[in-house]
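Student: Now for the letters of each chain:
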Amino acid sequence: MASFSVNGEHREVDIQASHPLLWVLRERLGLTGTKFGCGIGQCGACTVLVDGAPTRSCQTPVGSVEGSEVTTIEGLAANGLTSVQSAWIEEQVPQCGYCQSGQIVSATALLNARPRPTDEEIDQFMAGNICRCGAYTAIRKAIHRAAELEEDRVSGDEV
Amino acid sequence: MTEPTKEVSPYDHQSLSRGAFIKISVVAGVGLTLGVSWRATQTPDLPFSDAAFVPNAYLRIDTDGSITILVDKAEMGQGVSTALPQMIAEELDVPWADVTFEFASAHDAYGMMVTGGSTAVMESWEPLRQAGATARWMLREAAAQRWGISSELLATRDARVCAPDGSELTYASLASEAAKLQAPNKVDVKKPSEFRLIGQSLPRLDVEAKSTGQAVFGIDAGPPDARVAVIARSPVFGGRLRSFDSSAALAIAGVDEVLEVQSGVAVVAKGYIEANAGRDALVLDWDEGDAALFSDEQLYEALRDGAQASGHTVRDDGQAAQILNESSNAISATFRFPYLAHATMEPMNCTAWVREGRCTVWAPTQFANGPAILGGGARQVAADAAGVSVEDTDLHVTFLGGGFGRRAERDFVQEAAELAGKINGPVKVVWSREDDMRHDFYRPASWHELRATLDADGRPEAWEHRMASQSILQRLVPGWIPRPAARFAGKHDPTSTEGASDQPYAIPHVLMTYKRVDLPIPVGFWRSVGHTHTGFVVESFIDELAHKSDHDPYEYRRALLRKHPRHLGVLEAVAEAADWNSRPPEGRGRGIAVVESFGSYVAQVAEVSVQNGVPRVHKVWCAIDCGTVLNPRIVQAQMESGIAYGITAALYGEINIRDGRAVQGNFTDYQMLRIGQMPEVEVLLVPSGDAPGGVGEPGTPPIAPAIANAIFTLTGQRIRTLPIRL
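Read top to bottom, the protein sequences are chains A and B.
Numbering-wise (the working numbering), the first sequence opens with residue 1 and increments by one.
Numbering-wise (the working numbering), the second sequence opens with residue 1001 and increments by one.
Derived by calculation from the structure, the hints in this document are not laboratory data.
All of these numbers come straight from a predicted model, not from anything done at the bench.
Watch out, some of these pointers could steer you wrong.
[Said to hold, decoys possible] Cβ pair distances, simulated, as ranges:
#, chain 1, residue 1, chain 2, residue 2, range
1, B, Arg1358, A, Asn79, 39 to 49 Å
2, B, Phe1048, A, Arg11, 45 to 55 Å
3, A, Ser155, B, Glu1434, 47 to 57 Å
[To be verified] On the chain A side, residues computed to face chain B include the following (Cβ under 7 Å):
#, residue
4, His19
5, Trp23
6, Ala77
7, Ile89
8, Gln100
9, Ala127
10, Ile130
11, Gly134
12, Thr137
The C-beta atom is built at its ideal place from N, Cα and C for all residues, glycine as well.
Build out the structure end to end from the sequences listed, making use of the hints.
Tutor: Right under this line is the structure:
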């Protein structure tokens, strides 16, 4: 029995501890926004947050997230679109869109760690997320834009 | 050079559905184009809808004001689910914010539902604008009848019909009355000067769903309780199953069934991980067949021999062979290209369910529907595999997590439908990344031998191009292609020679030959098809001739393209943007290339450095003339995308064959361009105002030669084999 929290909700799944988190999310919990791309942690399509840290869920045994908080793409927008999602829409980032859940989750983690990342920091942090459509220029732009939106949002809250 | 266009009456072929009218044109060097004039407006048999007003298969307007546009092309990132609605919304005069779309399920009302060859916008340009304009005409007519005045006096805007006195009626309120009117045969569409939506960077209709995890791809589609199957396929191409032992697989918790299917042995399980574990536990005995003796050495030997043999003459202007044979200082070069996998981000998959004699399929497909003489679309293939009639087969098209030509194949649909016909309940066939990479229909490997002589001014006098490759069309064509094209297609494959046989440079004597070489590796359409290699060969060799004769490679091209204004337009635009005559920054070189493909003209300049033998592309300038620009931001995105796809192939792309198997299996050994390697890209739109050309593919061909030509300026080395290894 695996017991952990997904997008703020406590979940218990009757499954072996070695089962990859990706397939528990997709097949047992119906959260199909997180994608299968390579199965070996090389493409980043399966990226989720585990206690805030970007994690390749295809390489993560569900037993290792026991008691943790998992956030998927579906959980990011629980209270309306996040700054990253708004920036993604503003910059019209997605093409085929298959990698974008992973890109957005990775970008969210990046901005949590580095609220104002440089291009080099973006390139470094996002290197694990492949976009076969090559929407990288738009991804970079959207991350900078999300940083601005988040700053505005925070200063707005302070006022 | 153009073979006569042959129009095939549907009645020549029993298997072609009634009402279909296929026009097949084979044009040397341009490729095979299929246009089907078989449109919704001509058939009373529309897809089911309970909306109030369904003027044609593309549009539904309901009394609540909802406007739904049916998209009959595959959305694989290239933006059709925005571009196609944009055409209809323009003619219908509705606000963009009111428009929603759905993917059309496979239906004969849409004719051929194939998305490839960058044709979606080109093919839809007339019929979809006509569909929107017809609906607007009917709504206006309904308002005229209600008001009792002439429709000539009425205008339309923002989903309303407006009378001269200022009174207005919404489309929603007119929907039921409009539905009772007879649709006109043909109405006038807007003049370009009247466009309000076409030409605007309207926001994509799929972006919010794709930014929130809500977009449904094939792998997400179908009943949530569908079981998952993985299939063990022959590791050697063309191998056959002798026997298998499934006892260990069936002992694994969650594995339900193991059964033989056409493509191998299917393991049906509760989920993907269980199915994979079951597959790992199978004991399989394959008859590997002759292909097991086939590796890269045999491949390139066969291609080289093919190129040097006397091939089919594709083009012969003047006396190229004679001039070259008599010349003592001909310039020659040999080019070689490997197989390439498509590597869509979403691995192949398909879901199917057969119950009570009906087959339902959820498929991420580029070829949903088509007549049986073309091998059938996915719907026909599914029906045949499941053993039900096509009328009893419903095929729903999902978002595609990349297509690039791979999803025009129907192998993954066949598997799911066959399996669904054999077991109870819905089943989702999922391919691993390794399955996907090792069982692709690859971009064919090819071999090219070039020779040229120069005249006294250094311009090419004679040009000879001898090429060999497998034919993509050969698998698809025999049996249905009409004479005289059959005679032509057996020896020649225009999708292999496109871009070379019709290369535009003014050269008095040109000879091109093509030798089809049959090899045991499956080949297929790969983003920009023949242009992936012919663009490289022509643009590298012309560059070489320019340098050999001490000409600037840009000016040399310009001089030879005087009769090709659209080539010239993009070439001059890109040279100006890149400030071609300026010196590149220290340590960097610039290369240029121009390629016409799929009705569009693209010129690119790449700025490159080489450090420790590794090339790096820093900046790309890209000028495109795609006729009329429908949505500038989408065109720009497609240029960036095509460039990324082309850089990936130029720097990394290679599928090696060893003992009849594809060597590479995942992103560790088949590398993708990552964000840190993506150059800055500046896109210039140079619209000529002609009808729209394609944009999904034309960005890809020029980038590899532009990079190679830039490397030459840095290292003096000519790149004649891809991927680039310095």
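Student: Look at each hint and say if it fits the structure.
Tutor: Comparing the hints with the structure gives:
no.	hint	in the structure
1	Arg1358(B) with Asn79(A): 39 to 49 Å	holds (42 Å)
2	Phe1048(B) with Arg11(A): 45 to 55 Å	violated (39 Å)
3	Ser155(A) with Glu1434(B): 47 to 57 Å	holds (49 Å)
4	His19	holds (6 Å)
5	Trp23	holds (5 Å)
6	Ala77	holds (5 Å)
7	Ile89	holds (5 Å)
8	Gln100	holds (5 Å)
9	Ala127	holds (5 Å)
10	Ile130	holds (5 Å)
11	Gly134	holds (2 Å)
12	Thr137	holds (6 Å)
The structure does not agree with numbered hint 2 stated previously, though it agrees with all others.
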